[in-house]
Amino acid sequence: AQKITQTQPGMFVQEKEAVTLDCTYDTSDPSYGLFWYKQPSSGEMIFLIYQGSYDQQNATEGRYSLNFQKARKSANLVISASQLGDSAMYFCAMREGYLNTGNQFYFGTGTSLTVIP
Amino acid sequence: EAQVTQNPRYLITVTGKKLTVTCSQNMNHEYMSWYRQDPGLGLRQIYYSMNVEVTDKGDVPEGYKVSRKEKRNFPLILESPSPNQTSLYFCASRIYNRQYYGYTFGSGTRLTVV
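Protein chains in written order, with our numbering: chain A, 1 to 117; chain B, 1 to 114.
Hints in this document: simulated from the structure, not taken from any laboratory. Just to be clear, a hint being listed does not mean it is correct.
Unchecked claim - If you only want the chain B side, here are some residues facing chain A, beta carbon under 7 Å, derived:
| id | residue |
| --- | --- |
| 1 | Leu43 |
| 2 | Pro61 |
| 3 | Gly108 |
What the hints assert, rightly or not - Derived lysine-lysine pairs resembling BS3-like cross-links, with alpha carbons at most 30 Å apart:
| id | chain 1 | residue 1 | chain 2 | residue 2 |
| --- | --- | --- | --- | --- |
| 4 | B | Lys69 | B | Lys17 |
| 5 | B | Lys17 | B | Lys57 |
| 6 | B | Lys57 | A | Lys73 |
| 7 | A | Lys3 | B | Lys17 |
| 8 | B | Lys65 | A | Lys3 |
| 9 | B | Lys17 | B | Lys71 |
| 10 | B | Lys57 | B | Lys71 |
| 11 | B | Lys69 | B | Lys57 |
| 12 | A | Lys70 | A | Lys3 |
Just so you know, these numbers come straight off a predicted model, no measurement behind them. Glycine included, each C-beta is placed from N, C-alpha and C at the ideal position.
Bound conformation, chain B alone (with noise of 0.2 Å):
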C-alpha cells in the first residue's frame, strides 16, 4: 500500500529533550514536506526538500532541523523543544514534476511539549 508512516503517533516529552519525528514514503517521491498544523492558522510548512541531500526552510523553521539522507526518510528533529512547539505535525509527500500530484500525508503526530 502506497504510504507515508510517522512515527510516534502521540508524543508528549518535556522542555529541552531533544526529540525526533520520523517519517517514511514508500512511494518513490523525490519531494518531502513537514508542515504543523495550529488552531486558526491551517498548515505552515517548517521544511521541505526536493530531493536526497536537498533541504530548505519552510515558513516556520525555527527550532527544528531535518535532514535527507535517504529518498524515502525525512526526519524532523527537535534538538530542544519548547511548549511553543507543541502542536500537531504532518509529514508529506508527492511526485515533483507533475502538476496534477498533491500531497499524501502521514497519519499526523500529536507533540505536546511540557
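Isolated chain A (complex conformation) (with noise of 0.2 Å):
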C-alpha cells in the first residue's frame, strides 16, 4: 500500500481565489508528522508547512494551511489567495516514528497546480 497518496495529478485555479490538494497518508505508527513541500520550475524543494501527528490545531504558515483530519488519513493543503508564483509542482511527504525511531520520509507522487490569470 503507498504511504502517501495525492490524487490530483493535475490542477488549476483561478488567480486569487483558495485551492486544496489532496493528501492522504497510511500509517499505523501513532507518532508521525506530515509535509508539504513546493517544487517550482526551476526545479528546487520548498518546504511550506508541517503537520504533527499530536498537534490539536491546524498548522498555518501565511497563506498555506494545512487541512488535517487524523481519522480519515488525510493532510490536505489549502492555498489561499492563489498568486502566479504558486505555479508549481506539489508534494506530500510524511515521516513515520518519533524522535530516534523515525528514519523514513515517504513522498506523494505529487501534484502539479496551475494559476491561470
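Fit the two chains together into the complex; they arrive one by one in their own frames, and the hints show the way.
Now the structure itself:
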C-alpha cells in the first residue's frame, strides 16, 4: 500500500482564489509528521508547512494551511488567495516514528498546480 | 546561509563512465539522504546516512554507492551509469532527533546518461 497518496496529478485555479491539494497517508504508527513541499519549475524543493500527529490545531504558515483530519488520515494543503508564483509541483510527505526511531520519509507522487491569471 | 550544496546542477555522461555527484551541508545535520525524482513516481530514496560512517540502503539503491567520511559531505557515486539512471537527483539533510524538522534539499542534479 502507498504510504502517501496524492490523487490529483494536475490542478488549475484562478488567481486570487483558494485551492485545496489532497493528500492521504497510511501509517499505524501513532507518532508521525506530515510535510508539504513546493517544487517550482526551477527544480528546487521548498519546505512549506508541517503538521505533527499530536498537534491539536491545524498548521498555518501565511497563505498555507494544512487541513488535518486524523481519523480520515488526510492532510490536505489549502492555499488561499492564489498567486501566479504558486504555479508549481507540490509534494506531500510523511515521516513515521518519533525522535530517534523515525528514519524514513515517504513522498507522494505530487500535484502540479497551475494558477490562471 | 544554511544550505545543502549539490554539484553539478546538470550533467550529461555516457554509459559506463563513473561519476560522482557531491553534496555538502553546513548545518551540522546528522541525517543525510539521496533521492531520485522521476515523473509519476515522486521521490524515491536511494541511500541515507544517520551519521559519519553509518549508511544504509533506501528503496532504490541498485547501481549507486555512497560514503560518509565527514559529517558535512555525502557524495553519490555511480560506478557504471546506465540510461535508466537518467533522473533528477536530490541530496537532503535534516536534524535527526527533532520530529518537527523536515528536510533541507539541495538544488538538484539533472543527470542524463546516453
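Checklist entry - Taking each numbered hint in turn, which are not upheld by the structure, reported in ascending numerical order? => result 2, 7
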